[in-house]
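Engineer: Now for the letters of each chain:
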Amino acid sequence: MKFSVIVDALPHLLGAAVTTIWISLLGVLLGQVIGVLVCVARQSGNRGLDMAGGVYVSFFRGVPLLIQLLLIYYMLPLVGIDVPPLVAAISALSLASGAYVSEIYRGSLNAVPHGQSEAALALGFSSTTIWTRILLPQAFRFSVPALVNELILLLKASSLISVVGVAELTRTSQTISASNFRPLEIYLAAGVIYLAINSALALFGTLVERRLQQG
Amino acid sequence: MDSNLLVHYGPALLRGFGVTILCWAAGCAIGLALGFALMLLRRIDVKPLRWIIRAYIEVIRGTPFLIQLFLLYSGGPAIGLRLEATTAGILGLGVYGSAYFAEIFRAGYQAVPKGQVEAALSLGMPYGGILRRVILPGMLVSTIPALVNMMAILTKETVVLSIITVPELMYEMQTMAAETFASFETILGMALFYWLLVEAVSRLGRRLETRMTRFLSHPSNARA
Numbered sequence: 001m002k003f004s005v006i007v008d009a010l011p012h013l014l015g016a017a018v019t020t021i022w023i024s025l026l027g028v029l030l031g032q033v034i035g036v037l038v039c040v041a042r043q044s045g046n047r048g049l050d051m052a053g054g055v056y057v058s059f060f061r062g063v064p065l066l067i068q069l070l071l072i073y074y075m076l077p078l079v080g081i082d083v084p085p086l087v088a089a090i091s092a093l094s095l096a097s098g099a100y101v102s103e104i105y106r107g108s109l110n111a112v113p114h115g116q117s118e119a120a121l122a123l124g125f126s127s128t129t130i131w132t133r134i135l136l137p138q139a140f141r142f143s144v145p146a147l148v149n150e151l152i153l154l155l156k157a158s159s160l161i162s163v164v165g166v167a168e169l170t171r172t173s174q175t176i177s178a179s180n181f182r183p184l185e186i187y188l189a190a191g192v193i194y195l196a197i198n199s200a201l202a203l204f205g206t207l208v209e210r211r212l213q214q215g
Numbered sequence: 001m002d003s004n005l006l007v008h009y010g011p012a013l014l015r016g017f018g019v020t021i022l023c024w025a026a027g028c029a030i031g032l033a034l035g036f037a038l039m040l041l042r043r044i045d046v047k048p049l050r051w052i053i054r055a056y057i058e059v060i061r062g063t064p065f066l067i068q069l070f071l072l073y074s075g076g077p078a079i080g081l082r083l084e085a086t087t088a089g090i091l092g093l094g095v096y097g098s099a100y101f102a103e104i105f106r107a108g109y110q111a112v113p114k115g116q117v118e119a120a121l122s123l124g125m126p127y128g129g130i131l132r133r134v135i136l137p138g139m140l141v142s143t144i145p146a147l148v149n150m151m152a153i154l155t156k157e158t159v160v161l162s163i164i165t166v167p168e169l170m171y172e173m174q175t176m177a178a179e180t181f182a183s184f185e186t187i188l189g190m191a192l193f194y195w196l197l198v199e200a201v202s203r204l205g206r207r208l209e210t211r212m213t214r215f216l217s218h219p220s221n222a223r224a
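Protein sequences, first through last, are from chains W and C. Numbering-wise, this note's numbering puts 9 at position 9 of the first sequence, and it's gapless, one number per residue. Numbering-wise, this note's numbering puts 5 at position 5 of the second sequence, and it's gapless, one number per residue.
The set of hints was computed from the structure by calculation and includes no laboratory data. A portion of the hints provided could be inaccurate.
As the list claims (entries may be wrong) - Reference excerpt, derived from the structure (chain C facing chain W, CB under 7 angstroms, subset only): (1) Leu-66; (2) Ile-67; (3) Gly-75; (4) Ala-191.
Where a beta carbon is used, it is the ideal one built from N, C-alpha and C, also for glycine.
Okay, chain C solo, but in the shape it has when bound (with noise of 0.2 angstroms):
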């Protein structure tokens, strides 16, 4: 490839990249937070809205990304939801990742053994503080690892919103692909760029899974 041609694509590729790390980490957030809430109103004990919260689930999950972004992007301002590509872009990650997140974290909150939240109840703790130091903390550690595979999963999602305009990595990786005529370098650059960051980004997990659970296998631990 011609140098010159990083020259001038560079601060278009860099300004993607960005935008893809944006999106990335504002659509984990949403979709951490908005899973977390579902996961917690699922508990409550109201049929209708927990038939709702099921649906919710199962429609996001049932349905490609591709289609709930173009629902999103060009069905919305049919009903006066007028967002702008990069909205669009992040908040279609987080709502498709909540649905997910919401999955692992009914998972997380079943493995917390019963005994402990009674203990805690029994002790007098309020239903905040339980959550907070009891249920929170166990569910944690038993959830990040499927958690970190979920966020790895939404980098390789965030190259979808290129197809909706959003002018992240792949959308200005095509742009310089058509203007240089050089596709097929262009988009093998692209691949292995891809490669290493999902597989950095797992990696930085699986420290991270190791880090968090290290108490797991400390000796004062396996007797108990």
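With the rest of the complex left out, here is chain W (with noise of 0.2 angstroms):
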């Protein structure tokens, strides 16, 4: 062990790793989106978005990640659209996530006592308005514990996207490690270094839900 190779190396890994905080974040925030159409999608009613959101959400669950991301990253170009690897990496980790954001929700919006769009139904409200005003924000509040969670499973699922090159925190120990043949300072520091986002994450999240809890 030399800790000087990790002194080294420490201001490209940091680098590195705010790429990955960025893409995960990034990540996650599409994932949101696309969780929270799926889920209105699957409660909406209608026979075929229910089973097109279900066979999504099946799909994204029991596909390994790393075959997303290579089928993204391949099927793209075919259809015309050419682009960088972070764009197919951001998409695939975007869509992987958004799979489980709206089987969050949908747990979170069963937690909504169902009196309450019963009762906005009686008084008239619109169906958007009982989504956009009483089941989205409640679902979110509920969600918020589970929602830190999958931020956290995000980030350590985002160490796939070094294979379609993205210079993230492990690609670029990979590249690292290559040229100073010291591997394995090289992952230890990097594997610190997502424990410590994860850890700080983990804290975040406890914060928040008790906050939440207090009301």
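From these two lone chains plus the hints, build me the complex, please.
Structural biologist: Written out as structure tokens, the structure reads:
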């Protein structure tokens, strides 16, 4: 073990960690949008929409992320969209995250008492208003802990996008250890950085949860 | 797709699938055994031991599987741990799974009613007997859904092993894709295959769950 190796590589690793963080954040944010849309589609009462949503969720939860990533990476050029690896990577992360998020929301929606939407319906609220004013705000509140957890999972999963050459933390560690032949030190450092980010996120999740419980 | 292709690549793909199953089964076995041992060790009232186990679980759960694999496979030789890709893959899966399994077992242990253990103690059963006859069966029933879920997750994680060149299905498939220039078709086939595989593992698990817990809905139990 030579710690000087870690010290030398640290600036690069930290820079790459920032890339990892913003890619994961972007993935989770887009995943939120997809997840809410899929969830609403599945609860809309339209059979076709419900089935399409069901297949989407089943596919993206059942197929390993690495395969989804390569699928998108190879598919987009085929349909004439030539995208940089970064876009393919973020698309894959958001699509996968969307499937999990829609399930999180489905669970939270069940926690909103049914009488509330019935009451709103009786008062003449339109179904859009019921969704945007009554169901989704509460569902979001219930699902905050699960969403923070989802961000942690996505942050770990984002290591896989190194495969298509996005220079995030894992890819950068690979590059550095290939040039200085010190994989043990470099991967240890990368592991510690991942752990630190995830621990911070977990702490943040606990704080938010506690605050929400206070009402 | 060309049918000659399947004839040509069929054996390699089958072999790859065999390696995938081997890695999954061995990884699950190691993970379950190690996870159970960790759970038991954690119950011993020695503070440093508890801290170490807790740190182990947090570290494994807080870092990406891929980084753990790289550490084991590329970083290992620096401390004299020279492993073949497949061995490293199996060990990596086992270590990764063990942290999650340990948490599942811990929850399962806590779910066994305390009165059952006390009753067994007062009847003079030795701890080994209590563990085997009282705690373990009770735990198994309550943890099966979570265990099955984790095993399905590990099925998906086996494809990550291809990155450290374990010759499993994904690796063989990528070789084929590179040689035939039919990347998209190959990967689409792969996606559908894994979709079915993971679905099959989950279904099988659900069936097992129903079978193992069927006595819970038995009328003679409902009254108790």
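Engineer: Now tell me, hint by hint, if it's right for this structure.
Structural biologist: Each hint tested on the structure:
| no. | hint | verdict |
| --- | --- | --- |
| 1 | Leu-66 | holds, 4 angstroms |
| 2 | Ile-67 | holds, 5 angstroms |
| 3 | Gly-75 | holds, 4 angstroms |
| 4 | Ala-191 | holds, 5 angstroms |
Checked against the numbered hints above, the structure violates none of them.
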